[in-house]
Every structure is written in structure tokens, then in C-alpha cells.
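Student: Protein chains in written order, with my numbering: chain F, 1 to 314; chain H, 1 to 419.
Keep in mind the hints are simulated off the structure, nothing from the lab.
It is possible that part of the hints are untrue.
[Stated by the list, open to error] Restraint-style ranges between C-beta atoms, simulated for each label pair:
#1 H/Q363 to F/I186: 44 to 50 Å
#2 H/T74 to F/Y306: 32 to 38 Å
#3 H/T161 to F/G248: 52 to 58 Å
#4 F/G248 to H/Q38: 53 to 59 Å
#5 F/G70 to H/A366: 37 to 43 Å
The structure displayed is predicted, hence computed values, not measured ones.
A virtual CB, placed ideally from N, CA and C, is assigned to each residue, including glycine.
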Amino acid sequence: MRRRADSLAPLTAVQPQPAWPAALRGLLADNRLAVLVLFLPPALLLFTLFVVLPIGEAAWYSGFNWNGFGRPTNWIGFDNYRFVLQTRAFWLALRNNGLIIVVSLLIQLPLALALALMLAERFRGAVALRMLFFLPYILAEIATGLIFSFVYDGDYGLVASIWRLFGAETPHLLASTDTAMLAVLIVIVWKYFGFHMMLFIAALQGMDRSLIEAARVDGATRAQLLRHVVIPWLYPTIRLSVFFAIVGSLQLFDLVMPLTRGGPADSSNTLVSFLYNNGISRMRVGYGSAVGVILFVICVSFAFTYQRWFLRDE
Amino acid sequence: MRWLDRLGLAVATLWLALGAANADTTVKWLHIEANPAQVKIWEEVARSYEAAHPGTRIEMQFLENEAYKAKLPTILQSKDRPNIIYSWAGGVLKSQIEAGVLEDITDQIKGYSDSLTPAALAAFSRDGRIYGLPTALSQVGFLYNKELMAKAKVDAAGIKTWDDLLAAVKTLKAAGVTPIVAGGADKWPLHFYWTHLAVRIGGKAAFDAALRGENGGFAGETFQKSGELFKQLVDLQPFQNGFLGFKNPQAVGYFGDGKAAMTLAISTVYHLQRALAADKKGLAEDQIGWFDFPMVPGGKGEPSDTLGGITGWLVTKGSPKETVDFLKFFVSKDVQTRLAAGNFIIPVVKGADAGLNNAFMKQIAANLSKSRYHQNFYDQSLGPSVGRVVNDVTAEIAGGSMAPKDAAEAIEAAWKQGN
């Protein structure tokens, strides 16, 4: 497609025509218009119907004090946003999202990178180990949450048994405001590091071996090789990984619900579980919509900024 | 793949044909009852109604409690909504009535409505119009494990005041017994303490005044004091280890396993603990005792005042007339007597409590009939939004992260914000 358009370009250029009919003629000439007319509307329609309209609706509802029954009538302007910002649990949820991002970037990604560097080599059992580390990612979030709620159980759980071995009093990790978020963070790292590891391994396998050999010939040490050849090669993947980690943290919901449901005392809510707990399950559709709009703004501004600053070449 | 489509089509056609042939009217009934033994009786009642009324089909649908609450607003917007839905009355019912999604059934149940306990029916009425039928009552109070109480030499019958309860907790702890088990992760089991204290301290007058916004509303003295007294209990660390991580079924099971001396619970837990205990047997009936929530000296509430639930069924707008007819059949003396005999419910139809065949259920029924002020669960009566704030703050008091005064003020703030 691209090549054909290129070959057409000189032809249209010689004729002194306004820019867009030329473009249009170009479209007509290689049937791109037909493609547009045929294939764009369904996608556009679906996108409008299920993405643009709901976003608009959420923004509209966020101006109402509305419980979801009948039509919204009680317009309260920006009060819902004020209520949201006044809710302590909202800031806790925001803090937790921040925590997840920090832990993802500082612990999860380095861990994934280190494992990837080890397992990208060919040796006996490498594939099996990769599978093993990737396994948690395949598991459904709800199932993971349930499994770990058993693991953390203070009476019968694995953690309790280990503690008992040392004769200590068993902790109820999910029942304390101090440890609940920590417990959730551990599960997040456990569940998603395999995914990032796989991304890194894929990138490492696409690496040109001659680069490494050239560096070796030049007498680079292992550390130098890593620092100046391998990691720079991985930069695009790392940027992608960071993007996934941050967006994933903003959307995190289904892992939190079976583990703690955001509790105790809202200490382990994420923004989305906060939206669900305080908006939907309380029938405060306006309030929930306001949270949704705030979350949307955070996500969109992050995605665009990141795209602009870090993902420009891709 | 194609044969699968065809199969699907064939099944759909068959299903439509059957539906058309079988029933002229279908009454869709959405419930949240998780106890299979009770659902079985309901099914039988529905089948016998169908047998007596050819042309009518009763279709039962089940949703889990929390899922039901979350989906209900959407379900009610649909044209294909169920005809009969579950309700705890209170603030949620109020918003449903205001939204116009319920059928006014006052005229259809004229005469029949006299057979119901007036207080229970009143919960489903608003401005003299009736929107649903009550089906069961329950009371909140302390269930205790006789063996463990005896072990710590605590006389449960002697627990009459809040201070008695605090003393009992201390004695139990000293004897190495976990005094109280609570499902703190679900929060509402904890809100029983705070709300029942408010019932004892302020009585009906205080609650009504708070609703009108008088005396500082829910931030007023009564509700602050409820928090303070609850805090006295919390400070003794009466609950099992990690209680804030226990969901209610787990906590009920814990009590059934005989691991804690007391639990503040809905009267139905008396039976539920058996199903949820690790050995599926739980505590035998003669091992469990009951005492009413203790009094607060100087409180304005009567000893006979009760906290508990009034649950029932609502009819949605545009439902066929058979819906109400079936409900009348379902909430009839016969069926209620049968459910009472199974000890599933405290019935709301007059005379059906004759079916109760166990001393415990009879005692609860007597308490409720004596009660002149039966406070519906706060988290239901205050509506879905404020009610959950009550749950939140009581859980926070229990977790030590909120002062009683702030808790009361948070509820008042939520009340002022409205829905």
C-alpha cells in the first residue's frame, strides 16, 4: 500500500491542484477510499458507541446527585468532584496506586530484567524456568486473589504455618491496615514479573549476536557489555514495560477484590476498587462517575505525556 | 462451527415454542437466598401455585447478595426486569419508589393485608401506599457458647448492662477464651454494635430526631456516645485475632467451631453456624444461648426495643397481575407456617408463628412481638450510601483508626450529602 502511494506521489505533484483533492484522487486511484468507506464506519461506530459515548455520559452523570434509578435530575455541578476530593479513602487509593507504580518500577522490573538476562541464555531447563515464572501471569486475577487469601490466612494459611514453625504468633496480614497493602503488593509483583520477563527475553532473543561479539573483541568486561550494549538494546522494551506497569497499576481491580476488597479501613483500595466500593455498590452513580472522570484524566494525560516523551521513536 | 450455530438455533426455537405453549404469563422472581434447604421449599410453593393456576409460570432467578445490590439499579431500568425483587425496605426502597420503578399494590392486597403484622407491612408502605409484602423478621442479639462461658465462669443471664458485658469480656480473656467473634471484613457485623448502642442510648426519639437533622443529627450526643461505648469494648480487644480480615461466613463458622464465646449476630445465625462450621455440624442447639443486647444505664431506649431486619418482596412496575396473586399465595399462613416450622424465618403472617417448633425461635418471635420500636438495620434504613458510611466508620472505630466523634460526624456529613 505504502509503495503504491509513493509511486503515485510524483504524478499528482506535477498537476497544479489544491492539496486535498489531490489526496482524494490518490485515495480513489488505489481504492483506499473504498477501503476507508467500507472499513472505517463499523470501527468508528463501535468506538463511538462503546468508548466515546460512555465517557461523555460519565462526564454528564458526574454533575448529578443520582442513585441510578430513573433519570438524573438533581444537578449539583462540581459538588461530586468536591466530595471525592474530600474523601480520605480517595487519597489513600491514589497513594496506593502510586505505591504500586513505585514497587513495579523499583522491584518488579529490575527483578524481571535480571531473570530475563539469566534465562535468555541457552542452558538446560531455561525453557522450563521461563514457563514456571510466566505461569502466575496466565492465572486469572480472581483465582490468584483467592489463592493468596488462603495463603495469607492467619489461622490456616501457608504464611501462618511458616510463622508457627518459628514459634511466632501468626500474623493476619490482610486484616491489618499496616500490612494489607504490603500483602497486595507482594501478589502484584509475583503475578506480573513473569510477563515483563518474557518481554525482555523476547527482546534479548532478537538481539544481534554480532554486537556482543564485537564488544567482546574490543575487550569489554561482562559489566561493560551489560551496561553499554545489552541494556541500551533493551531500552525500547523497558519503556514499553514501564508503560504497561503504570497503566496496569491504574487499572488494578480484580486482584484487590478477592484479597481485601480494599479494606481494612480502605487501606488497600486502588482507584478502580475505590470507584466500585464507593460509587457503584453505594448507588452513587454521580459520585462514581466523577471518580471515573478523574481516573480517565489521569490515564489519558499519563498516556499522552509518556507517548510524547518516551515512546516517540516507536 | 456451523453445526453449533444450528444446534443453538434449534434449542432457541424449541425453547420459544415450549415457552409459548406452556405459559401465557411468566412471573419472574429474583431472589438472593443462598440456603438450598429454604430455596427447595420455595420451589415447591412455586410449582404448586403453577399447578393451581394453569397458564402461569413462576421463574426463579438467583443473584448473590452483593452482586444483587450492585446490579439492581441497571436491572430495574430494563424492560425485561424481574417482576418480584428482594428488599430490605428502608432507604433503598424509598429511592426505588421515588424513581417510579415499583408497582403500587395497595388496592390488590386489600383485605389480605390484614393478615400481616402491621409493623412489618408498614416497612413496605410509604404515604399510605403499599409497594411490597414483608416475608420475614429477625433480631440482632448475642449468641453465646454455653460451654466456653461456663469454662470462664461467666453467667450469661447476668449480662444486663454494657458494663456487665465489658466485665464478661475481661473475665473471658483472663480465662484464655476468645470473647467475641466478628466478621469485620464485611463491616456490617460491626455496625450492629454501634447502632444497637444508639438504640439503647437514644431510643426511637433520637433516631427520628437525627433523621430530621435535630440535635446535631447523626453527629449528635447519642451517636457520639454510641461510638465512645463501642470504643470501650474495642479497647479490651475482645475480638478474635485478625477479625478485620474475617468475612461474615468465616466468622459464623468460627463461632460454630466453638472457638469464641460470643457473637453479636442476626438470629438466623443460630442455624447458619451449623452449615458454616468446619465439621458441618457446628454447635448443638442446647449448647447455644441467647441474651438481648445489654442496656446502657441512663439510656432512653426501652429494654424491649429491638434491632433487626424486615425483609420482603417488591413488585416492579408493569408486572402482570398474577405477580401479586402469587405473592399473596407465597406470603400466606400455610407457607409461612411451613417456613417457620423449618426454623428458616420468624413469620410475618399472624398466627404462622405457631409453626415455630424450637424454643430459641419462639423466644425471638416473642421478643419481636413485644417490641414497640424495631429498628431496621441502619445500613439499609439510611439508604445504600449513608448506610455504608455507617459500616465504614464502625469498622474504623473497631480498627482504632477513627475517633468516635469523627465517626459520628462522618455519618452526618454523608447524610447531608444525600445519596
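Student: So, against the hints stated earlier in the document, which numbers end up violated here?
Tutor: Hint 4 is the one this structure does not satisfy, whereas the remaining hints hold.
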